[in-house]
Amino acid sequence: EIRVLDSTAEIRYLVIPQRPAGSQGLDEEALAALVTRDSMIGAGLALAPAAAR
Amino acid sequence: MSYASHADLGGKPGCGAIVPEPAGELFHDAWEPRVLALTLAMGATGAWNIDMSRAARETLPDYAELSYYRIWLAALEKLLQERGLVLPDEIAAGHSLRSALPIARVLAAADVARTLATGTPTQRPATASARFSVGQRVRMRDGPFPHHTRLPSYAWRKRGSIERLHGMHVFADAHARGDGEQPQWLYTVSFDGVELWADASARGVTISIDAWEPYLEPA
Numbered sequence: 001e002i003r004v005l006d007s008t009a010e011i012r013y014l015v016i017p018q019r020p021a022g023s024q025g026l027d028e029e030a031l032a033a034l035v036t037r038d039s040m041i042g043a044g045l046a047l048a049p050a051a052a053r
Numbered sequence: 054m055s056y057a058s059h060a061d062l063g064g065k066p067g068c069g070a071i072v073p074e075p076a077g078e079l080f081h082d083a084w085e086p087r088v089l090a091l092t093l094a095m096g097a098t099g100a101w102n103i104d105m106s107r108a109a110r111e112t113l114p115d116y117a118e119l120s121y122y123r124i125w126l127a128a129l130e131k132l133l134q135e136r137g138l139v140l141p142d143e144i145a146a147g148h149s150l151r152s153a154l155p156i157a158r159v160l161a162a163a164d165v166a167r168t169l170a171t172g173t174p175t176q177r178p179a180t181a182s183a184r185f186s187v188g189q190r191v192r193m194r195d196g197p198f199p200h201h202t203r204l205p206s207y208a209w210r211k212r213g214s215i216e217r218l219h220g221m222h223v224f225a226d227a228h229a230r231g232d233g234e235q236p237q238w239l240y241t242v243s244f245d246g247v248e249l250w251a252d253a254s255a256r257g258v259t260i261s262i263d264a265w266e267p268y269l270e271p272a
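Going down the list, the sequences are from chains A and B.
One point on numbering: in my numbering, the residue at position 42 of the first sequence is 42, and numbering is uninterrupted.
Numbering-wise, my numbering comes out as the position in the second sequence, counting from 1, plus 53.
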């Protein structure tokens with residue numbers, strides 16, 4: 001199933017990215033480094049821990 | 054109808070592929086954040102509302118040729134000149150040529166962060182019952198509309214279902230015309246992709262929009 005939300009919706013939203021595999025045990029700051037713009041608008045996945053700077 | 058929105062692009066062919074901007078790159082040039090700041094500062098004066106801003110932007114004749122912040126700048130100049138806050142000779146000169154007109158409110162630099170964090174919420178107390186309920190089948194009204202509206206043309210006359218109620222909110226159509234807030238019930242309406250795009254839609258696609266009650270009829 002694909003859900004599309006028109007971005008001009010009056011009620012603005014953000015997507016909570018799915019937690020990446022291998023990120024258990026990371027603290028908030030480390031987890032935040034995995035979150036991308038695209039992952040918050042449903043256009044991409046959050047980074048895997050090994051890929052983050 | 055003399056009103057035409059050039060921003061009503063959803064589902065229209067000929068716009069080309071979407072090229073995502075690199076993540077973290079907010080501005081292309083140093084003047085863009087100045088336009089953002091000027092627009093927000095003038096919006097805070099109460100001289101116009103956001104719905105009037107959107108109407109000003111979407112009716113720019115050269116909308117299709119302008120970048121995002123050039124649209125903001127052109128609309129800002131239009132809104133200022135419509136109200137006599139800046140006159141055409143001052144736009145041309147690049148500085149003021151006469152004393153400023155009074156405005157209701159000046160946003161001080163020290164208050165910017167707090168003001169932006171507060172935002173301008175659009176929800177208002179519910180003063181009427183909602184006409185539609187979750188799960189109900191509805192049909193969108195048909196356009197075109199002789200004013201700013203938030204009903205995209207791809208949804209005109211299309212049938213969907215009420216997914217959620219959001220309470221009563223400032224009604225953009227009335228607010229943009231200067232007719233006051235006229236709060237209306239706001240709904241999320243969901244459509245099957247096939248209803249909107251027919252054979253061009255993949256299966257299993259659901260598209261949702263936010264629609265105020267005046268946009269809806271029972272299906």
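Quick caveat, the hints were computed from the structure, so don't treat them as lab data.
A hint or two may mislead.
[As the list claims (entries may be wrong)] Here are the simulated distance ranges between beta carbons:
(1) A/R3 to B/E78: 52 to 58 Å
(2) A/G42 to B/A94: 28 to 34 Å
(3) A/G42 to B/G77: 16 to 22 Å
(4) A/T8 to B/P114: 20 to 26 Å
(5) B/R212 to A/Y13: 22 to 28 Å
(6) A/E1 to B/T171: 17 to 23 Å
(7) A/T8 to B/V72: 17 to 23 Å
[Said to hold, decoys possible] Okay, the calculated bits of chain B under chain A, using three or more residues with CB under 8 Å as the criterion:
(8) 124-133
(9) 153-162
Source: prediction; values computed, not measured.
Heads up, the beta-carbon is just placed ideally off N, CA and C, and yes, glycines get one too.
Q: Against the earlier hints, flag every one the structure doesn't satisfy and list their numbers going up.
A: Violated hints: 1, 6, 8 and 9; rest satisfied.
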